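Participant: Listed below are the residues making up each chain.
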Amino acid sequence: MSEKVCGCGCSESRAAQFADLAPTLEKYAKVPGSLITILQKAQEIYGYLSPDAINYISEQTGIMPAKIYGVATFYAQFRLEPIGKYLIMLCKGTACHVNGADMIEEAICEHLEIADGETTEDGIFTLNNVACLGCCSLAPVMMVRSADGDETYGNLTKDKVKDILDEIRKKAEVTA
Amino acid sequence: MRVVVGQGSCGVATGARKTAAEFEKQIAAKGLGIDVSVTGCVGTCYLEPIVDVYEDDGALTRYVKVQPENVEKIVEEHLAGGKVVEDQAISDVDKEFVTRQERIVLRNCGVINPENIEEYIAVDGYKAIEKVLKSMKPEEVIEEIKVSGLRGRGGAGFPTWFKWNAAKASPGNEKYLVCNADEGDPGAFMDRSVLEGDPHSLLEGMIIGGYAMGACEGIIYCRAEYPLAIKRLEIAMEQAREKGFLGENIFGSGFSFDIRIKAGAGAFVCGEETALIASLEGERGMPRLKPPFPAAKGYWQKPTDINNVETLANVPWIIYNGGAAFAKYGTEKSPGTKVFALAGKIKKGGLVEVPMGMTIRDVIFGIGGGIKNDREFKAVQMGGPSGGCVPADLADTPVTYEDITKTGAIVGSGGMIVMDEDTCMVDMARYFLNFTRDESCGKCNYCRIGTKRMLEILERITEGKGEDGDIEKLEELAVKIKEGSLCGLGQTAPNPVLTTIRYFRNEYEDHIYNKKCTAKSCKALIQYKITDACKGCTLCARNCPVNAIEGKVKELHVIDQEKCIKCGKCMDHCKFGAIIKE
Chain W
1 MSEKVCGCGC
11 SESRAAQFAD
21 LAPTLEKYAK
31 VPGSLITILQ
41 KAQEIYGYLS
51 PDAINYISEQ
61 TGIMPAKIYG
71 VATFYAQFRL
81 EPIGKYLIML
91 CKGTACHVNG
101 ADMIEEAICE
111 HLEIADGETT
121 EDGIFTLNNV
131 ACLGCCSLAP
141 VMMVRSADGD
151 ETYGNLTKDK
161 VKDILDEIRK
171 KAEVTA
Chain H
1001 MRVVVGQGSC
1011 GVATGARKTA
1021 AEFEKQIAAK
1031 GLGIDVSVTG
1041 CVGTCYLEPI
1051 VDVYEDDGAL
1061 TRYVKVQPEN
1071 VEKIVEEHLA
1081 GGKVVEDQAI
1091 SDVDKEFVTR
1101 QERIVLRNCG
1111 VINPENIEEY
1121 IAVDGYKAIE
1131 KVLKSMKPEE
1141 VIEEIKVSGL
1151 RGRGGAGFPT
1161 WFKWNAAKAS
1171 PGNEKYLVCN
1181 ADEGDPGAFM
1191 DRSVLEGDPH
1201 SLLEGMIIGG
1211 YAMGACEGII
1221 YCRAEYPLAI
1231 KRLEIAMEQA
1241 REKGFLGENI
1251 FGSGFSFDIR
1261 IKAGAGAFVC
1271 GEETALIASL
1281 EGERGMPRLK
1291 PPFPAAKGYW
1301 QKPTDINNVE
1311 TLANVPWIIY
1321 NGGAAFAKYG
1331 TEKSPGTKVF
1341 ALAGKIKKGG
1351 LVEVPMGMTI
1361 RDVIFGIGGG
1371 IKNDREFKAV
1381 QMGGPSGGCV
1391 PADLADTPVT
1401 YEDITKTGAI
1411 VGSGGMIVMD
1421 EDTCMVDMAR
1431 YFLNFTRDES
1441 CGKCNYCRIG
1451 TKRMLEILER
1461 ITEGKGEDGD
1471 IEKLEELAVK
1481 IKEGSLCGLG
1491 QTAPNPVLTT
1501 IRYFRNEYED
1511 HIYNKKCTAK
1521 SCKALIQYKI
1531 TDACKGCTLC
1541 ARNCPVNAIE
1551 GKVKELHVID
1561 QEKCIKCGKC
1571 MDHCKFGAII
1581 KE
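Those protein sequence lines, which keep their order, are chains W and H.
Here my numbering is used: the first residue of the first sequence is 1, the next is one more, and so on.
Here my numbering is used: the first residue of the second sequence is 1001, the next is one more, and so on.
Looking at chain W on its own, in the form it has when it is part of the complex (with noise of 0.2 Å):
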């Protein structure tokens, strides 16, 4: 039998492309209720949940894919989307409406040129709205998450924002 080879058309064997993931599949993959778990890790490793991820998943497991895409679909934390090297997580929680979440948003978007859920094109930052980070008297409030870590950033202003992300933009240039 053909060793099974990913969606990309490239021979690299499936086990191999998903090597960072088997130490959680040989865990979790046979105990029920651990769906939510794998994909978590899957997206932690990946960034995101591609359908050759899924695919995968769905042959170790044995649980449907169309099933995988459910749960996939229903929780807010699952992206199918790859993300950027920074995620903005904007609250939009009831105190950072109530102190201009909004006036953020409009200003991260004009600023970076992107929509909630889109990443910019040099692939530097994703903007999530995020329903409440619990920092509600620092209102408004986002984190940005990268490999460093998070980093939460509380009484945004307009123009804090924007300086804000010149700064990350310029740090993840020098890096690059």
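Because the hints were derived from the structure by calculation, they are not lab data.
Values in this document were obtained by computation on a predicted structure and should not be read as measured data.
Please note that a few of the clues may not be correct.
Unchecked claim - If you want a taste of the chain W side facing chain H, the calculated C-beta under 8 Å gives, among others:
no.	residue
1	Ser-34
2	Leu-35
3	Ala-76
4	Thr-94
5	Ala-95
6	His-97
7	Ser-137
8	Val-141
9	Asp-150
10	Tyr-153
Even glycine gets a Cβ: it sits at the ideal position worked out from N, Cα and C.
With chain W fixed as given, assemble chain H onto it according to the hints.
Facilitator: Using the frame of chain W, we list chain H on its own:
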């Protein structure tokens, strides 16, 4: 002497990690040999970053808003010189923010290092579980909780002892205790604060609960958006296992209980018990019909009890001090204390824990210091998307489950979002409906489609396209959604609309009939105008993205209302305050 830097999420967001690093650097440079440690959130979020300096005799000096550039002075004058830096220390007025509270749940938050079990033990930690396992029968534990009158702090206010007792009474040896740490209500952050600041009290509460109902395992269902909370819980669980407080044969009693964390994936509906269980089982988080209640058939069809973080964090205190001591606080039907998250247009935002029965006014003005910039207090939103807006007229309502429910809002998880005259109540209703529309799981038609239809009407109203009959349509839909929905999400989703119509009907009417937004917040219903204060500097015209402003240098400028997109850029740029919103 030691230095403690508050590093809850809000502290970190204001730069507490940099402040702590600066202390370490400067203390090392001076060779002072003073220990710098970390603690959770004190609750005075508006003063972060907060640094506590403890003398050897335990005397405390609290410094507020300590940025890295303020560190040098404190190190030099206080740590090295022994003299308090008065202008950086907390003021007497701000001290009252904490001294006016009664802290049971938050007793250790901002006091102990959450990453060090010894500090929790030093404040009588794990004494309650020791007492339980060495001298109490499960039914005695439940009786003590019954005496305390503790009610669920997550929203519904259901008596905790009853749930425990139901789980205990269910047949079978395999039972689960689930802690709902999926704090989904936007505007509430007390659970996060407890998880980050005092994780051991939650663990201890869970072990006690586990013993009382005969559970074999505890599961903490925690929001993925709270990475720091998950990290600290993991550390706490590891330390508790090492000490033998968690795992096999705890305190040699023969009782075994372990806890694991399951990260939620972001769905508000998972606050509903049966949806949460579905999510734990790896499914879409959709509620199912009750009965059977989780106490009979829950996680994997086994008896399951679900309590919220704040509820469980009360338990060790109640067991250690006795249920009667807890019941002394609060009112007869709503005993104990409750943590509220004060946010929005408030001067002193943060977490406050007060006895139930305190009036809304005392919380907002007495502790919270009143409204930001001394504006007019308009309303307070309580209970998040399931709650409602309580108007300023009702500020003397005592905060108890019964009294708040009478206003049309709910105590809920304890979010209090304060609103001033600039907050449009129709927009608030639209905001919450947008939230519940997004978060509806889609199972019940009325919730799935009804919230969408309500949102469409509210959007039309805020866009100046409201029609006669819209208010009545909203009311009709609201009733039907409440009746036609299976779970709490749908049954309460119309509450923000119903309460704003009840108390602020005139604002709805203004929007619909006069095309006017009283709060000047709905874009479609406002106009930007340039007044005589204009000096003709041209700055506004140069910054207008659509070239809607005309005028010559040193002459009064005018905005072409046809072209204006109401972005507000002109107002932001005007140095003379000449541009107004009408």
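Participant: Decide, hint by hint, whether the structure agrees.
Facilitator: To see whether the hints hold, each was checked on the structure:
1. The beta carbon of W/Ser-34 is positioned within 8 Å of a beta carbon in chain H (closest approach about 6 Å), and the interface hint is therefore held.
2. Checking W/Leu-35 against chain H: minimum C-beta separation of about 4 Å stays under 8 Å; hint holds.
3. The restraint placing W/Ala-76 at the interface with chain H holds, with a minimum CB-CB distance near 3 Å, inside the 8 Å limit.
4. With 8 Å as the threshold, the beta carbon of W/Thr-94 comes within range of chain H, its nearest partner Cβ sitting at about 4 Å, so the hint holds.
5. Interface hint at W/Ala-95: satisfied, since its Cβ lies 4 Å from the closest Cβ of chain H, which is below the 8 Å cut-off.
6. Hint status for W/His-97: holds, given a least beta-carbon distance of 5 Å to chain H, under 8 Å.
7. Interface hint at W/Ser-137: satisfied, since its Cβ lies 3 Å from the closest Cβ of chain H, which is below the 8 Å cut-off.
8. Evaluation of the W/Val-141 hint against chain H yields a held restraint, the C-beta minimum of about 7 Å falling below 8 Å.
9. Among the interface hints, the one on W/Asp-150 holds; its C-beta lies about 6 Å from the nearest C-beta in chain H, closer than the 8 Å criterion.
10. The criterion of a C-beta within 8 Å of any C-beta in chain H is met by W/Tyr-153, whose closest approach is roughly 7 Å, and the hint holds.
Checked against the numbered hints given earlier, the structure satisfies every one of them.
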